[in-house]
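With chain A's structure known, arrange chain B on it following the hints.
Chains as they are written, first to last, in the numbering used here: chain A, 1 to 248; chain B, 249 to 915.
Quick caveat, the hints were computed from the structure, so don't treat them as lab data. Where a beta carbon is used, it is the ideal one built from N, C-alpha and C, also for glycine. A portion of the hints provided could be inaccurate.
[Stated by the list, open to error] The calculated lysine-lysine pairs, modelled on DSSO-like cross-linking and capped at a C-alpha distance of 27 Å, are:
#: 1; chain 1: B; residue 1: K644; chain 2: B; residue 2: K660
#: 2; chain 1: B; residue 1: K629; chain 2: A; residue 2: K90
#: 3; chain 1: B; residue 1: K560; chain 2: A; residue 2: K90
#: 4; chain 1: A; residue 1: K148; chain 2: B; residue 2: K431
#: 5; chain 1: A; residue 1: K6; chain 2: B; residue 2: K660
#: 6; chain 1: A; residue 1: K150; chain 2: B; residue 2: K648
#: 7; chain 1: B; residue 1: K641; chain 2: A; residue 2: K150
#: 8; chain 1: B; residue 1: K648; chain 2: A; residue 2: K148
#: 9; chain 1: B; residue 1: K269; chain 2: A; residue 2: K2
#: 10; chain 1: A; residue 1: K2; chain 2: B; residue 2: K641
#: 11; chain 1: B; residue 1: K660; chain 2: A; residue 2: K92
#: 12; chain 1: B; residue 1: K629; chain 2: A; residue 2: K148
[What the hints assert, rightly or not] Sample of chain A residues at the chain B side, in silico, Cβ under 7 Å:
#: 13; residue: E35
#: 14; residue: P145
#: 15; residue: Y241
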Amino acid sequence: MKLTLKIWRQKNATEKGSMVTYPIDNISPDMSFLEMIDALNNMLILRNEEPVAFDHDCREGICGMCSMFINGEAHGPDRNVTTCQLHMRKFKDGDTITIEPFRAKAFPVIRDLVVDRSSFDRIQQAGGFVSVNTSGNTQDANAIPIEKNKADLAFDAAACIGCGACVATCKNSSAMLFVGAKVSQYALLPQGKVEATQRVQNMVAQMDLEGFGNCTNTGACEVECPKGISLENIARMNREYLSASLKG
Amino acid sequence: MAVLDSKIPEGPLADKWTQHKNNIDLVNPANKRSIDVIVVGTGLAGGSAAATLAELGYNVKSFCFQDSPRRAHSIAAQGGINAAKNYQGDGDSIYRLFYDTVKGGDYRSREANVYRLAEVSANIIDQCVAQGVPFARDYGGLLDNRSFGGVLVSRTFYAKGQTGQQLLLGAYSAMNRQIGRGKIKMYNRHEMLDIVKVDGKARGIIARNLVTGEIERHSAHAVVIASGGYGNVFFLSTNAMGSNVSAAWKIHKKGAYFANPCFTQIHPTCIPVSGEDQSKLTLMSESLRNDGRIWVPKNEKDALAIREGKLKPTELSEDQRDYFLERRYPAFGNLVPRDVASRAAKERCDAGFGVNATGEAVYLDFADAITRYGKEQAHVKGLDEDDASLIEKLGKDIIKSKYGNLFQMYEKIIDQNPYETPMMIYPAVHYTMGGVWVDYNLMTTIPGCFAIGEANFSDHGANRLGASALMQGLADGYFVLPYTIGDYLSDDIRTGPISTDTSEFEQAEKEVRDQLNAFLNANGTHPVDYYHKKLGKIMWNKCGMSRNEKDLKSAIKEIQELRDDFYKNVRVPGTADSFNEELAKAGRVADFLELGELFAKDALDRFESCGGHFREESQTPEGEALRDDKNYTFVSAWEYKGKPSDAVLHKEELTYDNIELKTRSYK
Numbered sequence: 001m002k003l004t005l006k007i008w009r010q011k012n013a014t015e016k017g018s019m020v021t022y023p024i025d026n027i028s029p030d031m032s033f034l035e036m037i038d039a040l041n042n043m044l045i046l047r048n049e050e051p052v053a054f055d056h057d058c059r060e061g062i063c064g065m066c067s068m069f070i071n072g073e074a075h076g077p078d079r080n081v082t083t084c085q086l087h088m089r090k091f092k093d094g095d096t097i098t099i100e101p102f103r104a105k106a107f108p109v110i111r112d113l114v115v116d117r118s119s120f121d122r123i124q125q126a127g128g129f130v131s132v133n134t135s136g137n138t139q140d141a142n143a144i145p146i147e148k149n150k151a152d153l154a155f156d157a158a159a160c161i162g163c164g165a166c167v168a169t170c171k172n173s174s175a176m177l178f179v180g181a182k183v184s185q186y187a188l189l190p191q192g193k194v195e196a197t198q199r200v201q202n203m204v205a206q207m208d209l210e211g212f213g214n215c216t217n218t219g220a221c222e223v224e225c226p227k228g229i230s231l232e233n234i235a236r237m238n239r240e241y242l243s244a245s246l247k248g
Numbered sequence: 249m250a251v252l253d254s255k256i257p258e259g260p261l262a263d264k265w266t267q268h269k270n271n272i273d274l275v276n277p278a279n280k281r282s283i284d285v286i287v288v289g290t291g292l293a294g295g296s297a298a299a300t301l302a303e304l305g306y307n308v309k310s311f312c313f314q315d316s317p318r319r320a321h322s323i324a325a326q327g328g329i330n331a332a333k334n335y336q337g338d339g340d341s342i343y344r345l346f347y348d349t350v351k352g353g354d355y356r357s358r359e360a361n362v363y364r365l366a367e368v369s370a371n372i373i374d375q376c377v378a379q380g381v382p383f384a385r386d387y388g389g390l391l392d393n394r395s396f397g398g399v400l401v402s403r404t405f406y407a408k409g410q411t412g413q414q415l416l417l418g419a420y421s422a423m424n425r426q427i428g429r430g431k432i433k434m435y436n437r438h439e440m441l442d443i444v445k446v447d448g449k450a451r452g453i454i455a456r457n458l459v460t461g462e463i464e465r466h467s468a469h470a471v472v473i474a475s476g477g478y479g480n481v482f483f484l485s486t487n488a489m490g491s492n493v494s495a496a497w498k499i500h501k502k503g504a505y506f507a508n509p510c511f512t513q514i515h516p517t518c519i520p521v522s523g524e525d526q527s528k529l530t531l532m533s534e535s536l537r538n539d540g541r542i543w544v545p546k547n548e549k550d551a552l553a554i555r556e557g558k559l560k561p562t563e564l565s566e567d568q569r570d571y572f573l574e575r576r577y578p579a580f581g582n583l584v585p586r587d588v589a590s591r592a593a594k595e596r597c598d599a600g601f602g603v604n605a606t607g608e609a610v611y612l613d614f615a616d617a618i619t620r621y622g623k624e625q626a627h628v629k630g631l632d633e634d635d636a637s638l639i640e641k642l643g644k645d646i647i648k649s650k651y652g653n654l655f656q657m658y659e660k661i662i663d664q665n666p667y668e669t670p671m672m673i674y675p676a677v678h679y680t681m682g683g684v685w686v687d688y689n690l691m692t693t694i695p696g697c698f699a700i701g702e703a704n705f706s707d708h709g710a711n712r713l714g715a716s717a718l719m720q721g722l723a724d725g726y727f728v729l730p731y732t733i734g735d736y737l738s739d740d741i742r743t744g745p746i747s748t749d750t751s752e753f754e755q756a757e758k759e760v761r762d763q764l765n766a767f768l769n770a771n772g773t774h775p776v777d778y779y780h781k782k783l784g785k786i787m788w789n790k791c792g793m794s795r796n797e798k799d800l801k802s803a804i805k806e807i808q809e810l811r812d813d814f815y816k817n818v819r820v821p822g823t824a825d826s827f828n829e830e831l832a833k834a835g836r837v838a839d840f841l842e843l844g845e846l847f848a849k850d851a852l853d854r855f856e857s858c859g860g861h862f863r864e865e866s867q868t869p870e871g872e873a874l875r876d877d878k879n880y881t882f883v884s885a886w887e888y889k890g891k892p893s894d895a896v897l898h899k900e901e902l903t904y905d906n907i908e909l910k911t912r913s914y915k
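Okay, chain A solo, but in the shape it has when bound:
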């Protein structure tokens, strides 16, 4: 396959960036999207140019590190996959592909396609945990039975990989799907209930502090989420937040 790539190049957080065009040839449809970028980078290195910086690690869709905005969509045109699982067979010979970083006020660009998502970590640090000591002196794991349906829903929420596709997709750069998923996981489990009131308030406060926008229910985040995290999690978080507010 022969392709034309238009890629966002930006030297560092302070300098201005721009789109740069790179023609590339000999791309096999079986290659993953990131392997295509590897090929481009090795070509650039041999031409004495600096390779395109991009985040990636596990390359099997679970670490959440890869983060490209491809042809206007987070993680590209395929559904329920991250960029690393996107394959070139989803494109046609001769296509022009536009590649940008995940853009949001709370995700400043570090270099090229690499963005700083530490705001997500800080939201988790504000309350995304159960305050149990890790001493091992906890009660037996089967002491509290948990309804299968609820355990499954908690798992579905916990499947979030923290990639930030929801934020990049949202016209308001809202992180409600990400935060809603974490709040939901704990709200659905008895272990998380004890601190539920504080948790949702602290996490939402941190989310606002980081500069994420509000949710206006367009549902675009759910469509682009590589792990199929449901909008219901946002509704559940709103419910939790409301009930926390009433409790004071």
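Positioned in the frame of chain A, the structure of chain B alone reads:
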């Protein structure tokens, strides 16, 4: 032998750990506040250790090269975590988990360590449930279990095919709690480039900020290495792209012995290699072998027709298929341990029965399981058990609920629907049992430097059983290291803060800077990947699933030549004082180029077959691995002496007082 003291406590096996905990020194809570600990890596071992040490009161500095601790590669573990809970009432016990692990490891692990692992395993599940880890449950609301390779009980706890993710997010949440409290200082996008020793003790590290390129000095009273395994020495593996040996290798070069480097696990159920541009291999969880049957065509001409695309696997009748694991190992069938399953697949493919274009793939077939589950569901729901299409639909729903994410992953990569046609799989490098040598306290041969999780050599002997890596990572981090490190640190309560303004730090920093500049100044003709791929090919072809003297010797020579060429002709663009992925990669590949040689040297030295290490010279007439207990019941611990070829071997003899050494049979 005197230099290697494993410090195994006296007393009966079952009492060792409890007695040891009762006897070791503790650090009082007030003194912990004046002690700093560095933890490198934030996977299950590093993350859980950092959280627990911080909770105990130590000041923890935690490092990871990813943009968040949540991305460490433990996250990709799929199938599950073992624990001797015996919730299923199928005869499981601490002893049985201990026994299975020692036997599975082909009698090359340390009894006392493995027993301790089995002992604390049940605690891990309690801990994780308390943290809100959403394990799979049955309709009664209790925890569900499944079975894994090499065992005859169901002791594996799981969260669909994302168990590692859920456990890691549990450890990450425990870390977050401590980061929020200010007890862990987190350094994301930082890479450790050397350890600093003061008066022979580990007192800090040199790290590079991967965003700014800044070289930083960090001091501590102890350094914990939890940087994972070195499977990426093969270039193609199921490890993450960034997974590397550098932290472990740097401490090796400063005095930590490296144990059993040749013990590498080649996992049987991975998606086959498709082409030269491939950057990584993808694992399909071992749990699939609970329901999938592995086969190749019985006739070579059918295999050929399939390879040429003239025949579909579904067109072959039962009697035209060779379910080779069930045939060779009737007792364990498709659930034999990983090393056995991998070699059996290689044997069939080498004999010409492979089923994809490259001839290196076998089938993993779910058709029988779909029918079995479908009938069961039809019966439960009172539906027509003779309606084939209904049965198929019901069966597929069950398979989807069990393995949905794995099937989806397969379909995205291979572009075939595994519900309709059997999956194609082939073995791939997955885990390294070898690693930094540690004593019972998980301390390396550098005082004050500890190694935990996959980074150490500890518990899995020559082959790791499925769902045991997660168990070991969390056991080391939550329940072992936090005790044993106190024994060491109890001598440091009056030491006070360690200055980084010393000649030792200066010297280490200079060495790091010199190496980085050497890469940038080489200005050669090949990118780093070129060398990494070449190294990978040598390793796979000559140090892979089967090894022999001739190939190992030539591998050593080729790796040496490649390493020389690398330093002369590598091209690393950019500068040292900026975000420079190629520069980071160059450092990692430089270390792989040294480790690879030691790996081959170790494999050459071990003239026996055991676990994942198969020497062609040492096999039974039926082609099964042949151990040599008389001469090789020891751990090979290598001491660095300037270059890998000069490494000196120290042997830790292994004694088995509680288990009889037997030929491992899964027939």
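Verification of the hints:
1. K644(B) x K660(B): Holds: K644(B) and K660(B) sit about 18 Å apart, inside 27 Å.
2. K629(B) x K90(A): Violated: K629(B) and K90(A) sit about 40 Å apart, past 27 Å.
3. K560(B) x K90(A): Within the cut-off at roughly 25 Å; holds.
4. K148(A) x K431(B): violated (36 Å)
5. K6(A) x K660(B): holds (25 Å)
6. K150(A) x K648(B): OK: K150(A) and K648(B) at ~19 Å, within 27 Å.
7. K641(B) x K150(A): holds (25 Å)
8. K648(B) x K148(A): holds (17 Å)
9. K269(B) x K2(A): violated (64 Å)
10. K2(A) x K641(B): Measuring from Cα to Cα gives roughly 41 Å; hence the hint is violated.
11. K660(B) x K92(A): With a Cα-Cα distance of about 17 Å, the restraint between K660(B) and K92(A) holds, given a limit of 27 Å.
12. K629(B) x K148(A): Answer holds: K629(B) to K148(A) is near 19 Å, not above 27 Å.
13. E35: It holds, given that the least Cβ distance between E35(A) and chain B is near 5 Å, below 7 Å.
14. P145: holds (3 Å)
15. Y241: violated (19 Å)
When held up to the earlier numbered hints, the structure conflicts with 2, 4, 9, 10 and 15 and fits the remainder.
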